[in-house]
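> The sequence shown begins at 1 in this note's numbering and counts up by one.
Don't read these hints as lab results, they were simulated from the structure. Just so you know, even glycine gets a beta-carbon here, dropped at the ideal spot from N, CA and C. A portion of the hints provided could be inaccurate.
[To be verified] Okay, the calculated beta carbon distance ranges per label pair:
id, residue 1, residue 2, range
1, Thr169, Pro255, 49 to 57 Å
2, Gly380, Leu208, 54 to 62 Å
3, Pro255, Gly183, 16 to 24 Å
4, Ser148, Asp96, 26 to 34 Å
5, Ser137, Lys344, 47 to 55 Å
6, Trp98, Asn215, 48 to 56 Å
7, Ala180, Trp400, 49 to 57 Å
8, Pro255, Ala202, 35 to 43 Å
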Amino acid sequence: MHRPVPQPPPVSPPVSPPVSPTSQNSLNLLQFECEFPQEEGHPAESLTVLLPAQCSVYQLRLRICISLQSQVRGSFPEPLNVLDPEKSSLLYQREDQWYEAYDDGQVLRTLHIPWSPGQDGIMCARVLVKKVVALDSELRQSQQKLLSYLIGHDVEAEARERLDELTFTRRKLASSRRQALAGRDPELYATEPWVTKSPLTAEMTALLTRRLMVNVHYSRDFSFMVKMEYSDTPETLLKTCRTALVERGISPSEPLLLKVSGREEFLSGPHPFSSFLWVRQCMKTHLDLHLSLLPRSCLPPDSLDHVDWPLVDSFSGQFSSHDDLRLDRTDVDHICMISLWDCKRKLRVKLLGFDVPQLPEKLQGKSPPLVYVEASILYGSKVWASVCSAAKPMAEEVLWNEWLEFDVLLSDLPRGAKLGLTINTKANDSSKQEVKRATVKENSKDNKMAAGKDNKMAAGGKEGRRGSLPPPGLVQKTGSLKESMLYFVNLLLIDHRYKL
Numbered sequence: 001m002h003r004p005v006p007q008p009p010p011v012s013p014p015v016s017p018p019v020s021p022t023s024q025n026s027l028n029l030l031q032f033e034c035e036f037p038q039e040e041g042h043p044a045e046s047l048t049v050l051l052p053a054q055c056s057v058y059q060l061r062l063r064i065c066i067s068l069q070s071q072v073r074g075s076f077p078e079p080l081n082v083l084d085p086e087k088s089s090l091l092y093q094r095e096d097q098w099y100e101a102y103d104d105g106q107v108l109r110t111l112h113i114p115w116s117p118g119q120d121g122i123m124c125a126r127v128l129v130k131k132v133v134a135l136d137s138e139l140r141q142s143q144q145k146l147l148s149y150l151i152g153h154d155v156e157a158e159a160r161e162r163l164d165e166l167t168f169t170r171r172k173l174a175s176s177r178r179q180a181l182a183g184r185d186p187e188l189y190a191t192e193p194w195v196t197k198s199p200l201t202a203e204m205t206a207l208l209t210r211r212l213m214v215n216v217h218y219s220r221d222f223s224f225m226v227k228m229e230y231s232d233t234p235e236t237l238l239k240t241c242r243t244a245l246v247e248r249g250i251s252p253s254e255p256l257l258l259k260v261s262g263r264e265e266f267l268s269g270p271h272p273f274s275s276f277l278w279v280r281q282c283m284k285t286h287l288d289l290h291l292s293l294l295p296r297s298c299l300p301p302d303s304l305d306h307v308d309w310p311l312v313d314s315f316s317g318q319f320s321s322h323d324d325l326r327l328d329r330t331d332v333d334h335i336c337m338i339s340l341w342d343c344k345r346k347l348r349v350k351l352l353g354f355d356v357p358q359l360p361e362k363l364q365g366k367s368p369p370l371v372y373v374e375a376s377i378l379y380g381s382k383v384w385a386s387v388c389s390a391a392k393p394m395a396e397e398v399l400w401n402e403w404l405e406f407d408v409l410l411s412d413l414p415r416g417a418k419l420g421l422t423i424n425t426k427a428n429d430s431s432k433q434e435v436k437r438a439t440v441k442e443n444s445k446d447n448k449m450a451a452g453k454d455n456k457m458a459a460g461g462k463e464g465r466r467g468s469l470p471p472p473g474l475v476q477k478t479g480s481l482k483e484s485m486l487y488f489v490n491l492l493l494i495d496h497r498y499k500l
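Make a model of the complete structure from these sequences and hints.
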């Protein structure tokens, strides 16, 4: 198990001070040549930034933004847009493909970016800072509508933010599919045959001694019949067809394909005719096989009409061995990720406080109760550990600034564990005194009523049991103050963006 050490908070993290090769080990520094694309006819502008290898992608954005603000750059009139991934993207090129540094929390050293040694041993890389161009709304809607129809569910409606689990997984899967599309053979994919290796029936086995009648249609004006063996392959039939075309004075300018007439099915590959599903259907129904001889250009294009997302970095958080992540005998400046197996300390959470601009309705107009925060480790339906903070009076802003420590080691955290935080209220001293005074008053009233009755024991028992409790209205009012949960949130301890 491992996860990146530097995790950027939701707010802007502090920028590390400028570094130089002489101040630190050059092996711990990375240099980025950031280019800003321009319109045709204008030279591209660039700037160079230098920062430690443990920094995150967001810190790289921050450094670029600061450099743009200190210089006059016509390509980026609004430098703050670099900080927003929805307005600008960081791209790098690898093997003729452009990849996006999608995860702002990813450590720079773990990027699968082509590195090249520079001066003083510093590793350098080229990054393209490009403005995000939104896809045409109508085209995007039609694409999403088609995708929702194929899947059977509108995935776009479930995506909440850029780095949530659904959106992040979609980007990862889209990259894998794009890579598979780039590496596949368009002809083999379009003409993939429908074959089977199941044994033939006794009736079909008896037909193997005969010859297969094949009707080949090249055009409306030219068709011919060929007798083939069931053990022959489609390539053997293609050679026979080429010979027949040459005798007819026809010389095709491109390779030919065998397509089943009236069906979106091709005969191709080193398979005998008896292995094709449609040929077996013809054997079963005692019909001749009709094939169309088509040029390769008739195949549909195997390219994407439009690309909505660029490829994302393929970093998965996995390393070859545990030694790559261990802390022993490792320079602290070279650590970018650590293993949870090496975390022998207990999990603790820094509790700063909370602010509520407006108190809940059930607390308005009442004496302020005491509030406390309860932190729990949740795994499935079980609570592994729980710890509470000190109680403080309820106010618009309550501050603790203390650590909440669990009796659980970080190395023992299971995958999928969540951190649950709840803000709870309980009755303070003034509320308890009000309850006590109301109880005493009610008891004295009940005792007076019980004194006038003949059966003092029975009346005392009934009225005593009734009078030992506060009034129902007061119990309901103070019961909510005694123990009530105001807010809660559950956080995933181990991020979904890294495979463990």
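> Look at each hint and say if it fits the structure.
Okay, the hints, checked on the actual structure:
A beta carbon spacing of about 40 Å between Thr169 and Pro255 contradicts the range 49 to 57 Å that was offered as a hint. Here the CB-CB span from Gly380 to Leu208 is close to 59 Å, well matched to the stated 54 to 62 Å. Taking 16 to 24 Å as the suggested C-beta distance range, the pair Pro255 and Gly183 conforms, at roughly 21 Å. Between Ser148 and Asp96 the Cβ separation comes to about 32 Å, which falls inside the hinted range of 26 to 34 Å.
Distance hint check for Ser137 and Lys344: the Cβ-Cβ separation is about 53 Å, which falls inside the suggested range of 47 to 55 Å. For the pair Trp98 and Asn215, the beta carbons lie near 49 Å from each other, so the given range of 48 to 56 Å is met. In this structure the hint that Ala180 and Trp400 lie 49 to 57 Å apart at CB holds, the actual value being about 51 Å. Range check, Pro255 to Ala202: about 39 Å between beta-carbon atoms, so the 35 to 43 Å window is met.
The structure fails to meet hint 1 from the earlier list, while all remaining hints are met.
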